[in-house]
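**Student:** So for the sequence shown, the numbering used here puts the first residue at 1; every next one is plus one.
Fair warning: there could be bad hints in the mix.
[Unchecked claim] In silico EDC-like pairs for lysine to aspartate or glutamate, Cα to Cα no more than 20 Å straight-line: (1) 151 x 107; (2) 151 x 126; (3) 141 x 80; (4) 151 x 80; (5) 59 x 92; (6) 141 x 128; (7) 151 x 161; (8) 151 x 62; (9) 151 x 184; (10) 141 x 161; (11) 141 x 86; (12) 151 x 171; (13) 151 x 115.
Simulated from the structure, these hints should not be mistaken for lab results.
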Amino acid sequence: RHIAAMDAIERRHLIESLAGAEESRRGTQIITIALNILLLGLLVAAAWIRHRAMAARRKDVDRLRDLSARQEAIFDGATDGMLTFDPQGYIESLNPAAAGLYGYRPEDLIGRHVDVLSRDPPTPEEMEEFLARLAERPRGKPSRPQEFIAKRADGSSFTADVSISAVPLVDGLHFVAVIRDVTERRRV
1 RHIAAMDAIE RRHLIESLAG AEESRRGTQI ITIALNILLL GLLVAAAWIR
51 HRAMAARRKD VDRLRDLSAR QEAIFDGATD GMLTFDPQGY IESLNPAAAG
101 LYGYRPEDLI GRHVDVLSRD PPTPEEMEEF LARLAERPRG KPSRPQEFIA
151 KRADGSSFTA DVSISAVPLV DGLHFVAVIR DVTERRRV
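Generate the whole structure from the sequences, applying the supplied hints.
**Tutor:** Listed below in structure tokens is the structure:
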């Protein structure tokens with residue numbers, strides 16, 4: 001009788017334990033399903049946000065490409081000579097008008113110091129001081145045009161008005177020089 005009573009008690013405990021385990025399993029299953037739905041919702045939201053960000057990025061890249069093409073057309077189509085150089089005075093780019101003005105091919109000037117374009121170049125200290133003053137000007141405000149005696153590739157010279165602007169870029173300050181041959185104007 002005792003053993004039968006103990007078996008009955010154990011059976012009751014086992015049935016209660018199984019019922020509790022089943023209830024716990026169902027609760028865990030509901031939580032798992034809810035978390036999966038939440039995760040799926042987060043993935044959908046992340047995909048939508050990424051799609052929007054990529055669309056905005058494509059639009060920005062297209063806008064920057066258009067702006068770059070427009071500025072390149074202005075740079076290349078300008079009748080005045082234009083060149084860009086780094087803070088140390090090394091030429092980074094020049095337009096066809098500048099190449100023609102000085103009688104060089106663009107690839108012959110890129111990487112060379114701007115001193116090669118002047119008959120009487122300023123000293124490194126004078127150049128550094130001038131560029132430092134330019135850097136303090138409001139963004140895009142060019143220097144007052146100054147006359148220089150420029151030197152062509154063939155050694156001949158001409159009088160040029162040169163105006164220089166500082167251009168702050170991501171990799172630091174760079175400069176744009178606009179050069180105009182004023183020989184004819186001075187002659188007149």
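**Student:** Failing hints, ascending?
**Tutor:** Those not satisfied are hints 5, 8 and 12.
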